[in-house]
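The chain contents come next:
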Amino acid sequence: AQKITQTQPGMFVQEKEAVTLDCTYDTSDQSYGLFWYKQPSSGEMIFLIYQGSYDEQNATEGRYSLNFQKARKSANLVISASQLGDSAMYFCAAQSGSGTYKYIFGTGTRLKVLA
Amino acid sequence: NAGVTQTPKFQVLKTGQSMTLQCAQDMNHNSMYWYRQDPGMGLRLIYYSASEGTTDKGEVPNGYNVSRLNKREFSLRLESAAPSQTSVYFCASSVGTSPRGTGELFFGEGSRLTVL
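So the protein lines, in turn, are chains C and A. Numbers 9 to 123, taken from the numbering used here, label the letters of the first sequence in order. Numbers 24 to 139, taken from the numbering used here, label the letters of the second sequence in order.
In case anyone wonders, no lab produced these hints; they're calculated from the structure. This one's a predicted model, so the numbers in the text were calculated from it and none came from an experiment. A couple of the hints might just be wrong.
[Stated by the list, open to error] Away from chain C, derived, C-beta distances all over 12 angstroms, residues of chain A:
hint	residue
1	T30
2	Q34
3	V35
4	D49
5	S54
6	T77
7	G86
8	E96
9	A115
[Unchecked claim] Below are the EDC-like pairs computed for lysine to aspartate or glutamate, each with C-alpha atoms no more than 16 angstroms apart in a straight line:
hint	chain 1	residue 1	chain 2	residue 2
10	C	K78	C	D63
11	C	K120	C	E23
12	C	K78	C	D30
13	C	K81	C	D34
14	C	K11	A	E82
15	A	K32	C	D30
[As the list claims (entries may be wrong)] Here's a subset of chain A near chain C, in silico, CB distances under 7 angstroms, partners left out:
hint	residue
16	M64
17	G65
18	L66
19	A73
20	E127
21	F130
22	G133
Backbone N, C-alpha and C fix where the C-beta goes; we use that ideal spot for every residue, glycine too.
Excised from the complex, chain A in its bound form (with noise of 0.2 angstroms):
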């Protein structure tokens, strides 16, 4: 039962090169979200997309894409990745419709992303 799956789970990249984080999850939830986190300022949404098909910004876009492959699939990309995009980056999912609106997120086990 692997839940959210992310890769890679560490990263060294120099300035100006870009990578591809990719999610996948096997619950066939409607909703994925990718977040950062650093220390002090808690996580912060990036992009989100409410169902297959559609994507929005969240508090944090830019410097950032994503693609949302299919259900199962969302991914994040750095097109030239800057020191100021290091971070652990979590991607999450949630049923979308649920008792609990749009119900819990549950999380991939984080990527460590490391720019120099």
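The following block holds chain C by itself, in its conformation from the complex (with noise of 0.2 angstroms):
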């Protein structure tokens, strides 16, 4: 069974700098993908960045990377020069490769930006 984990409920980070936003993934498959998306208080779900489990490079979407270590489990979204507009929900997914297309959420990390 997949089970995602975000450990921090809340971070702040100041105007500018990076922040990183922790994310662990349970699963048995060997194929998997691994998704961050970001929730603005309006409500909409913002697609940000993908990870597939058989890429050995980082994935990077402008300011967005995502610190994948596959040995550990572990899928973390780094921020860099963090904007006012980066205050929100963030949302660590996973979708199952084994054919299911079963597609599971972690908790959420609230971030806010402090001008």
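Two chains, two frames, some hints: make the complex.
As structure tokens, this is what we get:
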């Protein structure tokens, strides 16, 4: 069974600094995908970044990068040069690669960027 | 360009009443999902449909039923609503096969359901 763990309910970061949001996953699948989503206070869900289990390089998308440590089953999101607009809930998710298409989320981390 | 459309956006029910949440996507996606979001619990998967004609239970299926009516539409039914089903419900879809596995999820705006 898949399980996603986000141990930081809330985080603060100073504007322009970098912040790491933790995510660990538990899956018996050999093939899987890891995703991060952002949910601003307005409620919509926004896809940020994807990492495949067979990808050797860490994924990057603009100011977002995913620190993928497969042996530790860790997929931390790094946001560089934080902006006030980065204040939101952030969810880590895993998608099963076993053909079941199951897509499981963690409980989220609320990030507040301070001016 | 509508993407994923959910209706209704708000609903208040009394305990024991039934209702159906409708979801439609216009992106020709194969996979569709229903989640509920509760404070402190993230998004929990209720049911999903990997492709037209198939549905599977997620993490919290009890008290819900689904129908994949066609490739575009995936409805969620509460047969006898309970206060514990008060939540925000999200429908989502993904392409099904892509360079990103099943692909990232595209979400509807959410439906806020209150059961009294």
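So, going through the hints one by one against the coordinates:
1. T30: holds (16 angstroms)
2. Q34: holds (16 angstroms)
3. V35: Fine: 18 angstroms to the nearest Cβ keeps V35 of chain A off the interface.
4. D49: holds (17 angstroms)
5. S54: Per Cβ check, S54 of chain A is inside 12 angstroms of chain C; nearest 5 angstroms; violated.
6. T77: violated (9 angstroms)
7. G86: Given that every Cβ of chain C is farther than 12 angstroms from that of G86 of chain A, nearest at about 19 angstroms, it holds.
8. E96: At roughly 18 angstroms from the nearest Cβ of chain C, E96 of chain A sits farther out than 12 angstroms, so the non-interface label holds.
9. A115: violated (8 angstroms)
10. C:K78 - C:D63: Roughly 10 angstroms separates the two Cα atoms, so the pair holds.
11. C:K120 - C:E23: Holds, at about 9 angstroms.
12. C:K78 - C:D30: Measuring from Cα to Cα gives roughly 14 angstroms; hence the hint holds.
13. C:K81 - C:D34: Given pair K81 of chain C, D34 of chain C holds - Cα atoms ~7 angstroms apart, limit 16 angstroms.
14. C:K11 - A:E82: This hinted pair holds, its Cα atoms lying about 10 angstroms apart.
15. A:K32 - C:D30: Distance ~32 angstroms between K32 of chain A and D30 of chain C Cα, so the pair is violated.
16. M64: holds (6 angstroms)
17. G65: It holds, given that the least Cβ distance between G65 of chain A and chain C is near 4 angstroms, below 7 angstroms.
18. L66: holds (4 angstroms)
19. A73: holds (4 angstroms)
20. E127: Holds, about 4 angstroms.
21. F130: It holds, given that the least Cβ distance between F130 of chain A and chain C is near 4 angstroms, below 7 angstroms.
22. G133: holds (6 angstroms)
Of the numbered hints given earlier, the model fails hints 5, 6, 9, 15; all others are met.
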